[in-house]
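Undergrad: Residue numbers (the numbering used here), protein chains in the order written: chain A, 1 to 331; chain Y, 1001 to 1410.
In case anyone wonders, no lab produced these hints; they're calculated from the structure.
Just so you know, even glycine gets a beta-carbon here, dropped at the ideal spot from N, CA and C.
Be careful, since some hints might not be right.
[Claimed, not checked] A short list of chain A residues far from chain Y (calculated; beta carbon distances all over 12 angstroms): (1) ASP147; (2) THR192; (3) ASN208; (4) ASP218.
[Claimed, not checked] Stretches of chain Y that chain A covers, calculated by requiring three or more beta carbons in the stretch to come under 8 angstroms of a beta carbon on chain A: (5) 1169-1180; (6) 1293-1305.
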Amino acid sequence: MGSDLDRQIQTLLQCKIITEAEVKDLCLKAREILVEESNVQRVDAPVTVCGDIHGQFHDLKELFKVGGECPKTNYLFMGMGTVARYVFSVMLSIEIDLPGDFVDRGHHSVETFLLLLALKVRYPDRITLIRGNHESRQITKVYGFYDECFQKFGSANVWRYCCEIFDYLSLSAIIDDRIFCVHGGLSPSINTIDQIRTIDRMQEVPHNGAMCDLLWSDPDPDSCTGWGLSPRGAGFLFGESVAKPFLHNNGLELIARAHQLVMEGYKLMFDEQVVTVWSAPNYCYRCGNVAAILEVDSNLNREYRIFKDSDRSSMNSRTNPQREGPPDYFL
Amino acid sequence: MSGGMGNRSPPFWPGPRRMGGFGAPGAPGTAPGRGSFTPSMMHDEPQVARDDIIKGTDDDAIISKLSAVNLGYLDDPFVKYFVKRPSRRPPLINRGSYLRTRSLDTFTEQFIKNDITPSSITTTTTTTSPTSATTQSASTPSPTTTATAITPAAGIKKQIVSLGCGSDTRYFKFKAKGLSAHKYFEIDFPESTAKKAVVIKKNKAFTDIIGDPDLRLGLGGTELYSKDYCLLSGDLREFTESIVPKLKAQGFDISLPTLFLSECVLIYIQPGDSDAIVNWVGTNMDASLFVVYEQINPTDAFGAMMLRNLKARQIELPGIHAYPSLKSQEERFTSRGWQAAKAVNMNKLHESLSEQELKRISSLEIFDEVEEWQLLADHYCVAWAYQAKPQQPEPRRSQLIHLLANAVSS
């Protein structure tokens, strides 16, 4: 890979955008790599498993500090959370008021996604990206990524290139045949890993069906019946009585997933056979949570590393925070 | 936002002994000796800067409400008049704006609609009000005291007082639907009321609803008076000394059942000052219902971050540590002898939505913020309480209590 790519990575690492032409080129290269990946991407341990970043760019850098730089550390991201959700839409309106003083908080979905993508292109075997429910046209439009692209590039082209890439992203991964990684969870339409392999994933995330469920479902510790309706309006709630047979039948020992904010960074359920890993500390600069990454060593021993939000993204370091639009509350 | 006046008007709140509650000690605008508002203060630059910040949060909040209206969460044709630049808010904020408005609307509507009827004296109702109220209202009035009973046919007059009304449009929204109280008073700081008065006075949509040819501005355009609607300017920290006389001058009647609304207001003033309001209402009103919407749970991780983030906007919540929980929100009233009090968080209110209504709002936009919503909703509560003065004859008192209990039922 050329030095151009390294230069782009350096630019993105400084939280600066690359040109639209470079994005286009990057996406073309990414496509060539991702199209070869399976719906259930095979990953070898050791690997560090992460949840969504949600555009919290400086916290991604913190994550790399805690977990090690890529490619030195092998990474698996279970979704990127390509939107910072509401934080961003609030801040956009403030930016219009206050040009030139709008820096580095929460709305760096573009830089975050492109950095991960550039790393993927540069080190395809050292970083695995799987699709989360936010990597969709609909969600990125509602939750601000579209606006962010428009704002930063002056057109929707970059958003369009990124959305095309979303469709190429793998749906899940398996570490050493033992740890199943997926953004959301299980689906009533899926009993075996092989069934996932047969999904035609090159499409926008559908509103229902197996592909949708993998990206949207949540484990439900209170469930005694197996499947339940999700309050999110997509995917399902799955209980222990569903998760354990799935693991057993597929020769797996753990389901690792992201998707849900947990204040402690990670949460084990169902006799430690399902884990939620949340990697956006102080989510949206509002939730006060810590974040976690899961380090799986070559013997599949698991260790969770907890980290807090980086100083740069912390409100404490702000000299003039109101100009940068702190998160919303009801006042 | 509506009712958010407290958060945006502290610079106008005089009384040096109380100013310490806003901003860090020594922060601009909190210097001791900054007394009542005078025009010269406008030239105090840090003060003005702080005003702007606080005004910004108000605009922000009204925009949120309009966003919820525009998306179909709420039906309110009046909000748009207060917003210069509409903007779509994130789903979580829309849902919160909707739920809080809906909840206070429900109390208001039930309060206006309920009347004293013969049946109300003898039936026991109220499922949500846990305390003695139910028992009291159940007691059959003694025939010898019927002289003091309220005549059902006349319909009982009621008042509403909106503390720190901000740009709230509840009076107009309800009257447009044919629901109005005998008197509706709104109180906020002069700067807020002046802005509001202008919008109301110059828009037919508002003056038509008020429907009073004698509608007039007062006090340099900071107040509005009409037959059933009064917009008054003042400082809630001087409730007894200055607000009450103002209310009375406009026909406020302590013998009428009165609904007091505080939407994110009491929490912005020192507990001593908010307690003074609750005390005054509890000891002076024949019958009143108090509804409070505000933040709670300041000490968990989310709550601590909330305080830090608000502080970064130079917004403090002096009242939150005095009433940090649902229980203490109830005790704010019960410890002062109110008959019944109840506080629930926003999650509970959300759960109480009918399946049909939940389906309706779920169809308005994607809502993928389930955990954050639960966290946020856990830090806001609606508390309500009612009281009827003991020193009044039966069965009138029982009737009044029953009326109030009905307003908070279901």
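Undergrad: Would you mind marking each hint as holding or not holding in the structure?
TA: Taking the hints in turn, this is what the structure says about them:
The Cβ of A:ASP147 sits about 10 angstroms from the closest Cβ of chain Y, inside the 12 angstroms cut-off, so the non-interface label is violated. In this structure A:THR192 is separated from chain Y by more than 12 angstroms, as the shortest Cβ-Cβ distance comes to about 28 angstroms. Consistency note on A:ASN208: stated as away from chain Y, and its beta-carbon is indeed over 12 angstroms from all of that chain's, at 14 angstroms minimum. For A:ASP218, the non-interface assignment is contradicted: its Cβ lies about 8 angstroms from the closest Cβ of chain Y, within the 12 angstroms cut-off.
Check result for the segment 1169-1180 of chain Y against chain A: violated, 0 residues qualifying (beta carbon to beta carbon below 8 angstroms, three or more required). For the segment 1293-1305 of chain Y, the assignment as covered by chain A holds, since 7 residues bring a beta-carbon within under 8 angstroms of that chain's beta-carbons and 3 suffice.
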